[in-house]
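Undergrad: Those protein sequences? They're chains X and C, same order as listed.
Sequential numbering from 1 applies to the first sequence in this note's numbering.
Sequential numbering from 1 applies to the second sequence in this note's numbering.
Derived from the structure by calculation, the hints contain no laboratory data.
Keep in mind that this is a model prediction, so the values were computed, not measured.
By construction, the Cβ of each residue, glycine as well, lies at the ideal position given by its N, Cα and C atoms.
Just so you know, not all the hints are guaranteed correct.
[Stated by the list, open to error] Cβ-to-Cβ under 8 Å is the rule here; a few derived chain X residues that face chain C:
(1) Val-15
(2) Leu-26
(3) Tyr-136
[Stated by the list, open to error] Have a look at the derived ranges for each label pair, beta carbon to beta carbon:
(4) Ala-87(C) <-> Arg-139(X): 27 to 37 Å
(5) Ala-77(X) <-> His-149(C): 43 to 53 Å
(6) His-2(X) <-> Val-64(C): 39 to 49 Å
(7) Ser-49(X) <-> Val-18(C): 15 to 25 Å
(8) Arg-139(X) <-> Asn-6(C): 48 to 58 Å
(9) Val-18(C) <-> Ala-74(X): 35 to 45 Å
(10) Leu-44(C) <-> Phe-116(X): 23 to 33 Å
(11) Gly-79(C) <-> Ala-77(X): 36 to 46 Å
(12) Lys-8(C) <-> Arg-139(X): 41 to 51 Å
(13) Arg-50(X) <-> Glu-144(C): 18 to 28 Å
(14) Arg-89(C) <-> Leu-68(X): 33 to 43 Å
(15) Ala-47(C) <-> Ser-49(X): 45 to 55 Å
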Amino acid sequence: MHIAWNSFTPGGALVGGMLIGAAAALLVLFTGRIAGISGIVAGLLQPPSRDTGWRVLFVLGLLLAPLLYSAITALPAVHIDAGYPQVVLAGLLVGVGTRYGAGCTSGHGVCGLSRFSPRSAVATASFMGAGFVSVYLLRHLAGF
Amino acid sequence: MDAKMNNKEMLAALAAGVAGLLFGLGLIVSGMADPAKVLGFLDLAGAWDPSLAFVMGGAIGVGVIAFARARKMQQSLLGQPMQLPAATRIDRRLILGSLLFGVGWGIAGICPGPALVLLGEGERKGMAFVVAMLAGMVLFRWLESRSRHGSQS
Chain X
1 MHIAWNSFTP GGALVGGMLI GAAAALLVLF TGRIAGISGI VAGLLQPPSR DTGWRVLFVL
61 GLLLAPLLYS AITALPAVHI DAGYPQVVLA GLLVGVGTRY GAGCTSGHGV CGLSRFSPRS
121 AVATASFMGA GFVSVYLLRH LAGF
Chain C
1 MDAKMNNKEM LAALAAGVAG LLFGLGLIVS GMADPAKVLG FLDLAGAWDP SLAFVMGGAI
61 GVGVIAFARA RKMQQSLLGQ PMQLPAATRI DRRLILGSLL FGVGWGIAGI CPGPALVLLG
121 EGERKGMAFV VAMLAGMVLF RWLESRSRHG SQS
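Chain X extracted, bound-state conformation (with noise of 0.2 Å):
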């Protein structure tokens, strides 16, 4: 292992993290809800409820952070490597397993890690340690 201090950005990691964190606060203090983003995106594949509202101006609003950011100043590139096959095979596997584990990066990564929950830390460890296994297969042994 080597750093790739080129592209490592701890300053912009650090404030965007801190806006993150900021969003999880702000949705559990005044609506008393987690920012779970793929148990948010779930519930808005459930027959309309009162439920319902909260989480589709909390997916709009994820929607339109670019275009809000692009008004202020460019936004930075994008690099998607894979291609169509594996991304909607990764959709499948990420839809899947966020319902089947209960949680994605946001719910289990910050939220539950946030509330010290040994459950997300579990959850966390493991989608981090399947990542870094899923990438080392595909790029240093399969060669994608």
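Starting from the structure of chain X, add chain C where the hints point.
TA: Only chain C this time, still in chain X's reference frame:
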């Protein structure tokens, strides 16, 4: 079922909208809306980019304070019931599901939050990912309902 919201629920929904916006901005500012940067963190054996750890650190630093406060609240600032997770069980579902999620995360470098930001940026692969993710969620629900029926009979 009453789908109409009262004033407080409307305000709470608005707060959720602001939270979503802030969350999305955080993902962009932190660089996590770029799948290549996420994969740079997950690639321990290559040129490793530790940025994602700093994102988690910043988010959890703020989160710890907020959730310590939230734990003591009887209701939210807008009068909503506090719905903090009650589950504590560490079981096969949690681990297997998280492993599946992690494999998918490693394939494309995209998790649910950044997927929605990419969709908002008009990225076609972001759209493909979100559609597949929703399909996966529906598939999971179908499998769940099937196995539940199966165990009843």
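Undergrad: Can you tell me whether the CB distance of Arg-139(X) to Asn-6(C) sits inside 48 to 58 Å?
TA: Once the Cβ atoms are compared, 52 Å apart, the range 48 to 58 Å for Asn-6(C) and Arg-139(X) holds.
Undergrad: Does Leu-26(X) hold up as a contact with chain C if the rule is Cβ-Cβ below 8 Å?
TA: With a minimum Cβ separation of about 4 Å from chain C (threshold 8 Å), the hint on Leu-26(X) holds.
Undergrad: Does the Cβ distance between Lys-8(C) and Arg-139(X) fall inside 41 to 51 Å?
TA: 50 Å, holds
Undergrad: Checking hints one by one. Is Tyr-136(X) an interface residue toward chain C, by the C-beta closer than 8 Å rule?
TA: Given a least distance of 6 Å, the restraint on Tyr-136(X) holds.
Undergrad: 18 to 28 Å was suggested as the range; check whether the CB atoms of Arg-50(X) and Glu-144(C) agree with it.
TA: Since Arg-50(X) and Glu-144(C) have Cβ atoms about 24 Å apart, the given range 18 to 28 Å holds.
Undergrad: Please test the hint of 35 to 45 Å on the beta carbon pair from Val-18(C) and Ala-74(X).
TA: 23 Å, violated
Undergrad: Can you tell me whether the CB distance of Ala-77(X) to His-149(C) sits inside 43 to 53 Å?
TA: 48 Å, holds
Undergrad: Cβ-Cβ distance between Arg-89(C) and Leu-68(X): within 33 to 43 Å?
TA: 39 Å, holds
Undergrad: Against the range 39 to 49 Å, how does the distance between the Cβ atoms of His-2(X) and Val-64(C) compare: consistent or not?
TA: 31 Å, violated
Undergrad: Given a hint of 36 to 46 Å, does the C-beta separation of Gly-79(C) and Ala-77(X) actually sit inside it?
TA: Hint holds: Cβ distance 43 Å, inside 36 to 46 Å.
Undergrad: Does the Cβ-Cβ separation between Leu-44(C) and Phe-116(X) fall within 23 to 33 Å?
TA: 26 Å, holds
Undergrad: Within 15 to 25 Å or not, the Cβ separation of Ser-49(X) and Val-18(C)?
TA: 22 Å, holds
In this structure, the earlier hints numbered 6 and 9 are contradicted, and the remaining ones agree with it.
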